[in-house]
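Student: For the sequence shown, numbering that gives the first Met the number 0 begins at 0 and goes up steadily by one.
Everything labelled a hint here was simulated from the structure, so no lab data went into it.
Be a bit skeptical, because a hint or two may be false.
Said to hold, decoys possible - Pairwise CB distance ranges (calculated): (1) Tyr43 to Gly20: 24 to 34 angstroms; (2) Gly20 to Ile55: 30 to 40 angstroms; (3) Ser47 to Leu18: 11 to 21 angstroms; (4) Ile55 to Asn10: 11 to 21 angstroms.
Glycine residues also receive a C-beta, built at the ideal position from the N, C-alpha and C atoms.
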Amino acid sequence: MPCFAIIEIDNGFEVVEFLSGQSAEDAAAAEGGEVVDPGPYYSYEDASDALDQLEIFEERE
(Lines of atoms letter the chains of each structure in order from A and count residues from 1; the text may use other names and numbers.)
(Lines give C-alpha, C1' and ligand atoms only; values in the text may rest on other atoms or scores of the structure.)
Protein backbone atom coordinates (compact mmCIF):
# COMPACT_ATOMS: atom_id res chain seq x y z
CA MET A 1 0.00 0.00 0.00
CA PRO A 2 1.52 3.34 -0.98
CA CYS A 3 1.98 6.11 1.56
CA PHE A 4 2.70 9.78 1.02
CA ALA A 5 4.87 12.37 2.74
CA ILE A 6 5.69 16.04 2.24
CA ILE A 7 9.23 16.96 1.28
CA GLU A 8 11.08 20.15 0.46
CA ILE A 9 13.10 20.38 -2.72
CA ASP A 10 14.80 23.34 -4.40
CA ASN A 11 11.51 24.42 -6.01
CA GLY A 12 9.49 24.29 -2.79
CA PHE A 13 7.32 21.65 -1.19
CA GLU A 14 6.12 18.46 -2.88
CA VAL A 15 4.11 15.35 -2.08
CA VAL A 16 6.11 12.18 -2.60
CA GLU A 17 4.90 8.58 -2.68
CA PHE A 18 6.68 5.75 -0.90
CA LEU A 19 5.90 2.09 -0.34
CA SER A 20 5.59 0.07 2.84
CA GLY A 21 9.06 -0.90 3.93
CA GLN A 22 10.52 2.31 2.53
CA SER A 23 10.97 5.35 4.74
CA ALA A 24 9.88 8.88 3.98
CA GLU A 25 13.54 9.86 4.33
CA ASP A 26 14.55 7.38 1.60
CA ALA A 27 11.83 8.72 -0.71
CA ALA A 28 12.93 12.30 -0.04
CA ALA A 29 16.58 11.47 -0.70
CA ALA A 30 15.62 9.84 -4.02
CA GLU A 31 13.99 13.14 -5.04
CA GLY A 32 16.92 15.23 -3.78
CA GLY A 33 14.94 16.71 -0.91
CA GLU A 34 14.36 16.61 2.82
CA VAL A 35 11.33 15.45 4.78
CA VAL A 36 9.08 18.21 6.09
CA ASP A 37 6.16 16.02 7.20
CA PRO A 38 6.70 12.25 7.13
CA GLY A 39 3.00 11.47 7.47
CA PRO A 40 2.38 8.83 6.56
CA TYR A 41 -0.67 9.88 4.60
CA TYR A 42 -2.61 7.05 3.05
CA SER A 43 -3.99 9.04 0.12
CA TYR A 44 -2.53 11.67 -2.17
CA GLU A 45 -5.53 13.87 -1.40
CA ASP A 46 -4.82 13.83 2.36
CA ALA A 47 -1.16 14.69 1.76
CA SER A 48 -2.14 17.49 -0.63
CA ASP A 49 -4.54 18.93 1.94
CA ALA A 50 -1.75 18.90 4.53
CA LEU A 51 0.59 20.54 2.01
CA ASP A 52 -1.97 23.28 1.34
CA GLN A 53 -2.17 23.99 5.08
CA LEU A 54 1.62 24.05 5.35
CA GLU A 55 1.89 26.52 2.47
CA ILE A 56 -0.76 28.78 4.03
CA PHE A 57 1.17 28.71 7.30
CA GLU A 58 4.44 29.55 5.48
CA GLU A 59 2.79 32.52 3.72
CA ARG A 60 1.66 33.98 7.05
CA GLU A 61 5.18 34.07 8.46
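Student: So, for every hint listed, does it hold in this structure?
Tutor: Structure-based check of each hint:
Checked against the hint of 24 to 34 angstroms, the pair Tyr43 and Gly20 fails, with Cβ atoms roughly 19 angstroms apart. About 33 angstroms separates the C-beta atoms of Gly20 and Ile55, a value consistent with the hinted range of 30 to 40 angstroms. At roughly 19 angstroms, the beta carbons of Ser47 and Leu18 sit within the given window of 11 to 21 angstroms. In this structure the supplied range 11 to 21 angstroms holds for Ile55 paired with Asn10, their Cβ-Cβ distance being about 18 angstroms.
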